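*Asks:* Order-wise, the sequence lines are chains A and B. Using the working numbering, the first residue of the first sequence is number 1, and each one after it goes up by one. Using the working numbering, the first residue of the second sequence is number 454, and each one after it goes up by one.
A few of these clues could be false.
[What the hints assert, rightly or not] When the alpha-carbon atoms are kept at most 25 Å apart in a straight line, the in silico DSS-like pairs for lysine-lysine are as follows:
no., chain 1, residue 1, chain 2, residue 2
1, B, K648, A, K224
2, B, K458, A, K180
3, A, K195, B, K458
4, B, K458, B, K633
5, A, K224, B, K651
6, B, K651, A, K180
7, A, K198, B, K673
[To be verified] Using C-beta positions, here's what the derived DEER-type ranges look like:
no., chain 1, residue 1, chain 2, residue 2, range
8, B, T503, A, G114, 52 to 58 Å
9, B, N587, A, M256, 34 to 40 Å
10, B, P801, A, A149, 30 to 36 Å
Rather than coming from a laboratory, the hints here were simulated on the basis of the structure. All values reported here derive from a predicted model rather than from experimental measurement. Yeah, the Cβ is synthetic: ideal placement off N, Cα and C, and Gly gets one too.
Number of protein chains: 2
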Amino acid sequence: MSERKRVCIIGAGPCGMAALCHFSQAASDVRPEVVCYEKQATWGGLWNFTWLTGTDEFGEPCHGGQYKHLWSNGPKECLEFPDYTFNDHFQCPIPSFPPRDALRDYLEGRWTNGDEDLRKYIKFTTVVRSVVYNDASQNFTVVSTDLQAGVSSTEVFSHVIVAVGIFNVPNKPYFDGIEKFEGRIMHSHDFRDAKEFKGQRLLVVGASYSAEDLALQCLKFGAKSVICTWRTKPMSFKWPIGIEERPLLQQLDNNMAYFKDGSSAEVDVIILCTGYRYAFPFLEDRLRLQSRLTMYPDNMYKATLWLGGGGGRLFYLGVEDQYFTFTMFETEALWCCRYIMGTISGEPKSEAEMRADADKWVSRRNGLKSPNDDIDFQADFIADMSSAVGYNPEEQKVADMLHKWKRDKVVDIVSYRAQSFRSVFSGIEAPLLKHRWWKVFDDSKDAFLKNTE
Amino acid sequence: MSERKRVCIIGAGPCGMAALCHFSQAASDVRPEVVCYEKQATWGGLWNFTWLTGTDEFGEPCHGGQYKHLWSNGPKECLEFPDYTFNDHFQCPIPSFPPRDALRDYLEGRWTNGDEDLRKYIKFTTVVRSVVYNDASQNFTVVSTDLQAGVSSTEVFSHVIVAVGIFNVPNKPYFDGIEKFEGRIMHSHDFRDAKEFKGQRLLVVGASYSAEDLALQCLKFGAKSVICTWRTKPMSFKWPIGIEERPLLQQLDNNMAYFKDGSSAEVDVIILCTGYRYAFPFLEDRLRLQSRLTMYPDNMYKATLWLGGGGGRLFYLGVEDQYFTFTMFETEALWCCRYIMGTISGEPKSEAEMRADADKWVSRRNGLKSPNDDIDFQADFIADMSSAVGYNPEEQKVADMLHKWKRDKVVDIVSYRAQSFRSVFSGIEAPLLKHRWWKVFDDSKDAFLKNTE
Numbered sequence: 001m002s003e004r005k006r007v008c009i010i011g012a013g014p015c016g017m018a019a020l021c022h023f024s025q026a027a028s029d030v031r032p033e034v035v036c037y038e039k040q041a042t043w044g045g046l047w048n049f050t051w052l053t054g055t056d057e058f059g060e061p062c063h064g065g066q067y068k069h070l071w072s073n074g075p076k077e078c079l080e081f082p083d084y085t086f087n088d089h090f091q092c093p094i095p096s097f098p099p100r101d102a103l104r105d106y107l108e109g110r111w112t113n114g115d116e117d118l119r120k121y122i123k124f125t126t127v128v129r130s131v132v133y134n135d136a137s138q139n140f141t142v143v144s145t146d147l148q149a150g151v152s153s154t155e156v157f158s159h160v161i162v163a164v165g166i167f168n169v170p171n172k173p174y175f176d177g178i179e180k181f182e183g184r185i186m187h188s189h190d191f192r193d194a195k196e197f198k199g200q201r202l203l204v205v206g207a208s209y210s211a212e213d214l215a216l217q218c219l220k221f222g223a224k225s226v227i228c229t230w231r232t233k234p235m236s237f238k239w240p241i242g243i244e245e246r247p248l249l250q251q252l253d254n255n256m257a258y259f260k261d262g263s264s265a266e267v268d269v270i271i272l273c274t275g276y277r278y279a280f281p282f283l284e285d286r287l288r289l290q291s292r293l294t295m296y297p298d299n300m301y302k303a304t305l306w307l308g309g310g311g312g313r314l315f316y317l318g319v320e321d322q323y324f325t326f327t328m329f330e331t332e333a334l335w336c337c338r339y340i341m342g343t344i345s346g347e348p349k350s351e352a353e354m355r356a357d358a359d360k361w362v363s364r365r366n367g368l369k370s371p372n373d374d375i376d377f378q379a380d381f382i383a384d385m386s387s388a389v390g391y392n393p394e395e396q397k398v399a400d401m402l403h404k405w406k407r408d409k410v411v412d413i414v415s416y417r418a419q420s421f422r423s424v425f426s427g428i429e430a431p432l433l434k435h436r437w438w439k440v441f442d443d444s445k446d447a448f449l450k451n452t453e
Numbered sequence: 454m455s456e457r458k459r460v461c462i463i464g465a466g467p468c469g470m471a472a473l474c475h476f477s478q479a480a481s482d483v484r485p486e487v488v489c490y491e492k493q494a495t496w497g498g499l500w501n502f503t504w505l506t507g508t509d510e511f512g513e514p515c516h517g518g519q520y521k522h523l524w525s526n527g528p529k530e531c532l533e534f535p536d537y538t539f540n541d542h543f544q545c546p547i548p549s550f551p552p553r554d555a556l557r558d559y560l561e562g563r564w565t566n567g568d569e570d571l572r573k574y575i576k577f578t579t580v581v582r583s584v585v586y587n588d589a590s591q592n593f594t595v596v597s598t599d600l601q602a603g604v605s606s607t608e609v610f611s612h613v614i615v616a617v618g619i620f621n622v623p624n625k626p627y628f629d630g631i632e633k634f635e636g637r638i639m640h641s642h643d644f645r646d647a648k649e650f651k652g653q654r655l656l657v658v659g660a661s662y663s664a665e666d667l668a669l670q671c672l673k674f675g676a677k678s679v680i681c682t683w684r685t686k687p688m689s690f691k692w693p694i695g696i697e698e699r700p701l702l703q704q705l706d707n708n709m710a711y712f713k714d715g716s717s718a719e720v721d722v723i724i725l726c727t728g729y730r731y732a733f734p735f736l737e738d739r740l741r742l743q744s745r746l747t748m749y750p751d752n753m754y755k756a757t758l759w760l761g762g763g764g765g766r767l768f769y770l771g772v773e774d775q776y777f778t779f780t781m782f783e784t785e786a787l788w789c790c791r792y793i794m795g796t797i798s799g800e801p802k803s804e805a806e807m808r809a810d811a812d813k814w815v816s817r818r819n820g821l822k823s824p825n826d827d828i829d830f831q832a833d834f835i836a837d838m839s840s841a842v843g844y845n846p847e848e849q850k851v852a853d854m855l856h857k858w859k860r861d862k863v864v865d866i867v868s869y870r871a872q873s874f875r876s877v878f879s880g881i882e883a884p885l886l887k888h889r890w891w892k893v894f895d896d897s898k899d900a901f902l903k904n905t906e
């Protein structure tokens, strides 16, 4: 008699929803029972905009860190679903860099496009408090709390998929004197509206995507000046007047910031664009991935199956640093669902085989030298996983677009969003924007759909 | 053979430290083993200032909500320890309304004044994740995580004292249109420096202590204007020019705020001074106090012993609305420690007797009609508890001071901190401030100690 499978998915963002979609489409004879727990009141994960910062309406750490004026910072053609293209959704060609509103709409289209209403699998405003693996019975005890009702439940599952994401718990480094800084200090996770910073002198700490985009956003919406400060290396884009880069902040003295090159500047606001922490406080220690952001975490088979504990029945989705985002989540989710259902040829492998496979990826990861290396690494990783489950998302063609996008940004960081890419699935070339990102202040989906040549 | 008692204290703020002090002073033959878990890196609870907002350096909800320029909003003579007076600590008379720096110093003096180093009982940067009562063995399983090391522990205790406070998890109501407000939105918990609001038009939502003090702070430090909006009733103080009160905010449209009286105003910042939520997410449901702020929570004997579950071995400290603060915590902690050690004459009582006693207080609570009623209620409550443990903190004399303080605020909200009170324990009359609060911009302890007539 085969075991009754019961799968717990934690999180209803792009990763968790991808898993729900795939389980929903599976044949009924292999399909397990599925329960998805979602802390927020709706699905969408990071793609839900919220006016709240810090803690949410229930006092839980706020999940979302989107800002009103966010536009995709990569071409939509690099995160397009092979089996649900942008053209399928919008029924017309749209430019390559949509605002958040349009992207969330696309995601939601995907999730409501199947035969089932996936909401029936999701327990909203329900936070998972504890996941413990029971060695003897080879299952998991999951404790969750319905935040609205204040009522907790304990349930048992054969498998757990952790899909809470890795970009929701801010990393906040200390700088000497910061506690006496006489201005606003915030993390980019709490950034909501660039207009708040009109006329102000900003210090942006960090040199990755958040730093880059927030510096530009704030200048666009009227900030007086922006200094970005870097630890490892500068972004070195051709910044518009008003943005400059300096080596790492050393200390603060009231409103004066002192940098490693001996320079100093008076600033009004500090925005920590210092990234996120891997945080899975609800998992028992041996189940908990404790990593820094990396292209392939240690101790994982296919960057998905956790080898540290949990009897090969605990999975993580989307825990690598990401270029491919939605399509990578999709591939991982499909692999994970099929692995659980036992429908992948050649799986399961022995632990030794899984570790050998993981070692191969980790060893290649250790030799990565540039963002372009990272892109190719991730394309190969997805291709490897895709081949096992027949998803075929044309990752090398997407990788080529990502390489071009990287070059476009070097050429002109202010207008890289004016570029157009061609869908590898529909073959449609994106129309050009009529008014460029820098000149557009209405970031709604409707305004975007009208803003084409 | 008597049971080996093992007590878990959760939180090393004024409440938890009061319990630690009392256990430390107890006779060795009745003294239980004690472990105190503290999420922060040091003791002090809400009295630790932090530059962080929202989530802390480990991604946990930030405990502290102090602002740089906070001064006590009540006379220090109303929160003075009978057995460790302000004069014992500072060795000289000091004015009645000290800044946070001086008050924290006083607390720390109390905690380091005994024979033992109380730090040895405290596990710092360790958060309690789960407390479950085991009916069969009549004890508690407590799971905690050392946030620095990322390592969890499970321990068993005979008693648990919840001392995490009730003013650390913000309550954030929604207002129509708030998600489109084009300015900064924050809760008072995230308020750090009034200088951030210089030249700005503030909307302060709320009509209690935070609203009152933040409105004044911001105006003092240069805010352009402050509108306070109330739900139940206005504060009705004689506000300085620049502060006004309006009935409840109805909706927001971009930067326009619309009020219940039909008026509207353009504002730059919304500060939610909307209080806090009772939040004990680590407690299993039947142990969890789920209440609104009240002078005496339901289901508690002596507002301290939880009657809802936990076999009469679960205690809360400081969970009522507070006028007496430190001295009330002290009285409750002493009662609680002695109750656990079995050294209170006439205790333990039967559950029926405890419920009858609780009903008496709840019934009186239900008839309270004014802040002055609340003050007298709390004085009587503390006197009742004190009489059982012989603490004698002269609560009626303190209540009289609180009545006067209430009147002082009505007379002049800007300068009530210029008043002087006399210690009921040392008999010392506080010296007057040389420069009044409104004119002082250096809020350090040192500046305060020099600022006397």
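*Asks:* Next, verify each hint and record whether it holds.
*Replies:* Hint by hint, here is what the structure shows:
| no. | hint | result |
| --- | --- | --- |
| 1 | K648(B) / K224(A) | 18 Å, holds |
| 2 | K458(B) / K180(A) | 44 Å, violated |
| 3 | K195(A) / K458(B) | 58 Å, violated |
| 4 | K458(B) / K633(B) | 55 Å, violated |
| 5 | K224(A) / K651(B) | 16 Å, holds |
| 6 | K651(B) / K180(A) | 17 Å, holds |
| 7 | K198(A) / K673(B) | 23 Å, holds |
| 8 | T503(B) / G114(A): 52 to 58 Å | 46 Å, violated |
| 9 | N587(B) / M256(A): 34 to 40 Å | 56 Å, violated |
| 10 | P801(B) / A149(A): 30 to 36 Å | 33 Å, holds |
Comparing the model with each earlier hint shows violations of hints 2, 3, 4, 8 and 9; every other hint is respected.
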